[in-house]
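K.L.:
Sequence:
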Amino acid sequence: MPALATAALLLPLLGAAPSTARPPDAPPAPDRLQRAFADAAAEYHVPQSVLLGVSYLQSRWDAHGGAPSVTGGYGPLHLTDARTALAGATHHGEGTEDPRGDDARAPLHPKAEAAPPAELPARLTTLPRAAELTGLGEETLRTDPAANVSGGAALLAAAQRDLGEPLSADPADWYGAVARFSGAEDSATAAAYANDVFEVIRAGERRTTDAGQRVTLAARPDVTPDAAQLDGAGLRPAKAAGTECPESVSCEWIPAPYEELGDGDYGNHDLGNRPASQRIRYIVVHDTEGAWNGVLSMVQDPTYVSWNYSLRSTDGHIAQHVKAEDVAWHAGNWYVNAKSIGLEHEGFLAEPDAWYTEAMYRSSARLVKYLAKKYDIPLDRQHILGHDNVPGTTTATIPGMHTDPGPYWDWRHYFELLGRPFEPTAGGRSGLVTIRPEYAANRPEYTGCETRGEPCAAHGSSAVRLYSDHDVNAPLIRDIGLGTAPTTGVNDLSSRVSTGQQYAVADRWGDWTAIWYLGRKAWFRNSKKSPAAVPASGRVITPRKGLDSVPVYGRAYPEQAAYPAGVPAQAVSPLPYRVLAGQEYVVGEKVPGEYYYAVTFDEASHRVVTGRDMYYQIQYGHRVGYVRAADVTLSTVR
10 MPALATAALL LPLLGAAPST ARPPDAPPAP DRLQRAFADA AAEYHVPQSV
60 LLGVSYLQSR WDAHGGAPSV TGGYGPLHLT DARTALAGAT HHGEGTEDPR
110 GDDARAPLHP KAEAAPPAEL PARLTTLPRA AELTGLGEET LRTDPAANVS
160 GGAALLAAAQ RDLGEPLSAD PADWYGAVAR FSGAEDSATA AAYANDVFEV
210 IRAGERRTTD AGQRVTLAAR PDVTPDAAQL DGAGLRPAKA AGTECPESVS
260 CEWIPAPYEE LGDGDYGNHD LGNRPASQRI RYIVVHDTEG AWNGVLSMVQ
310 DPTYVSWNYS LRSTDGHIAQ HVKAEDVAWH AGNWYVNAKS IGLEHEGFLA
360 EPDAWYTEAM YRSSARLVKY LAKKYDIPLD RQHILGHDNV PGTTTATIPG
410 MHTDPGPYWD WRHYFELLGR PFEPTAGGRS GLVTIRPEYA ANRPEYTGCE
460 TRGEPCAAHG SSAVRLYSDH DVNAPLIRDI GLGTAPTTGV NDLSSRVSTG
510 QQYAVADRWG DWTAIWYLGR KAWFRNSKKS PAAVPASGRV ITPRKGLDSV
560 PVYGRAYPEQ AAYPAGVPAQ AVSPLPYRVL AGQEYVVGEK VPGEYYYAVT
610 FDEASHRVVT GRDMYYQIQY GHRVGYVRAA DVTLSTVR
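The working numbering applies: residue 10 is where the sequence shown begins, and numbers increase by one.
No wet-lab data here; the hints were simulated from the structure.
Quick list of simulated restraints, FRET-style, between CB atoms:
{"id": "1", "residue 1": "A483", "residue 2": "A578", "range": "40 to 48 Å"}
{"id": "2", "residue 1": "R487", "residue 2": "G243", "range": "55 to 63 Å"}
{"id": "3", "residue 1": "K538", "residue 2": "P464", "range": "23 to 31 Å"}
{"id": "4", "residue 1": "P264", "residue 2": "G409", "range": "27 to 35 Å"}
{"id": "5", "residue 1": "K248", "residue 2": "N282", "range": "25 to 33 Å"}
{"id": "6", "residue 1": "A38", "residue 2": "L589", "range": "53 to 61 Å"}
With a Cα cut of at most 20 Å, we get these calculated SDA-like pairs of lysine to any residue:
{"id": "7", "residue 1": "K383", "residue 2": "D335"}
{"id": "8", "residue 1": "K599", "residue 2": "P560"}
{"id": "9", "residue 1": "K530", "residue 2": "R548"}
{"id": "10", "residue 1": "K599", "residue 2": "R637"}
{"id": "11", "residue 1": "K599", "residue 2": "R553"}
{"id": "12", "residue 1": "K538", "residue 2": "G469"}
{"id": "13", "residue 1": "K332", "residue 2": "P255"}
{"id": "14", "residue 1": "K383", "residue 2": "A250"}
{"id": "15", "residue 1": "K554", "residue 2": "A515"}
Virtual Cβ for every residue (Gly too), placed ideally from N, Cα, C.
Sequences are here, hints too, so could you generate the full structure?
P.N.:
Here it is as structure tokens:
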């Protein structure tokens with residue numbers, strides 16, 4: 010997503026100081042949080058399973074060291090105090106790409122205008138209300154996990170009383186209060202949130218939190234909540250008409266405009282006829298780099314860019330803007346745009362502590378599963394891409410390509426929610442690996458989150474750092490396409506891989522593994538005690554016999570002879586990358602050369618041009634790329 014002006018956007022601060030109730034060398038007992046849930050449940054007469062279930066959906070019981078989420082939520086219960094977390098930090102953009110990425114038209118570089126802060130909705134101000142109900146200070150509620158849990162219990166009890174319901178010991182009697190706790194303004198969003206919470210309660214959960222707290226929610230498969238309680242909650246009816254979403258999420262239609270702007274210009278997407286005219290092959294995960302209301306304003310601006318769906322952090326609510334049959338301008342590469350659906354998640358790439366809620370992860374996963382099934386999109390990292398995996402179209406565009414959702418998006422957890430966890434698929438000495446570090450324990454150093462060159466806060470990460478030799482003091486891997494020296498910058502993708510990506514093994518040395526990456530060996534630490542990857546099987550390409558190297562492309566365009574009269578032939582431009590003889594790269598799929606010609610408002614002139622040349626999509630570096638099938642040999646590694 011393009012970087013946004015920040016005057017009215019909610020940017021999380023670095024977080025408040027930890028509680029001083031105990032010396033720093035005396036960590037809390039690992040059951041302190043579990044006891045806090047029990048104590049708060051007893052004090053406010055809320056079933057402990059309800060309190061635990063709500064907290065799990067908010068934060069998975071993590072406290073995040075007192076730092077706020079992307080929407081100003083604090084602690085295990087995600088009590089929101091967005092006013093405290095208003096824009097105050099310096100936010101750095103992460104790319105200058107043309108979101109359309111089509112050489113057949115002039116580049117588009119929109120700039121968002123800052124707007125004055127609006128009155129905050131109730132869902133973003135629950136912490137002050139919790140302070141009123143408990144008598145605890147707002148700073149205490151932000152920084153002390155036990156106090157935060159008490160605040161959440163007080164809010165749930167207040168919601169139950171407001172609905173005229175008794176403070177029952179039966180969790181089934183708390184459906185309406187849970188729905189109201191979400192802060193949702195419509196019944197569908199509130200119901201989807203409550204359904205998720207009771208799904209957690211029925212299934213049970215157990216995990217160790219980011220602070221080392223062991224928390225357990227015993228399964229209650231017998232709990233059947235009274236969903237009719239929502240009828241009296243005073244929420245507006247759902248507005249799902251026209252949306253393309255599964256029934257298990259809340260979704261509303263907020264259309265992006267398709268308008269003529271004069272002088273032959275128009276915005277902010279293209280009409281199409283997918284999948285009849287061309288397959289939808291990818292789903293692209295973005296973060297918004299802005300807060301919900303500002304993001305919705307931009308996607309409704311005909312002079313701006315577009316994407317298909319936006320997802321809200323507080324409750325997982327979804328807004329759809331562009332139909333799947335049409336082509337949104339979101340990925341900076343026209344070939345990918347024409348074959349993808351773009352999902353914008355409310356969040357900030359360069360804010361390591363600006364955590365995403367479990368509610369948004371789950372809602373996004375449900376939407377992706379629905380779209381993947383409907384359009385036959387494989388659930389793997391070759392087809393479920395981050396914006397940071399989309400290649401530049403030409404050499405000139407590589408440095409400006411965006412890098413969201415960044416190293417703090419939890420791909421491992423996301424794919425577990427998708428029902429496709431990254432498991433070993435081969436023996437220990439396989440020639441392929443799937444990158445899979447332990448998110449919470451994997452904390453590579455990044456710089457430039459708040460101040461350029463300064464270290465970012467230590468945080469769990471999906472990414473693994475690469476080196477030119479089996480030594481952490483060896484130089485980082487250089488990306489010749491960027492034209493700059495590699496750094497540990499949070500937006501510098503030159504020397505890192507991401508969870509779920511697959512690579513061919515080039516070498517091994519003790520606790521180190523080398524992969525083929527950007528045309529050379531790249532090393533990462535991969536010890537048995539703390540593995541960063543698991544063995545995999547799959548298909549790979551290598552240059553066919555007799556070729557020293559083959560070019561890599563950022564798009565799979567047809568050969569010139571395939572273009573009909575009236576459609577200008579597009580250049581098949583290689584990037585500055587090569588696959589050298591003896592190297593292997595993992596294949597995503599085989600695709601025909603294809604180009605969607607759509608440069609006018611009148612769709613009668615639109616054409617899908619399909620050539621005879623075939624390409625393989627490969628995982629070349631951090632981003633994917635394409636090689637001509639005629640240039641390479643395909644084989645299977647098990």
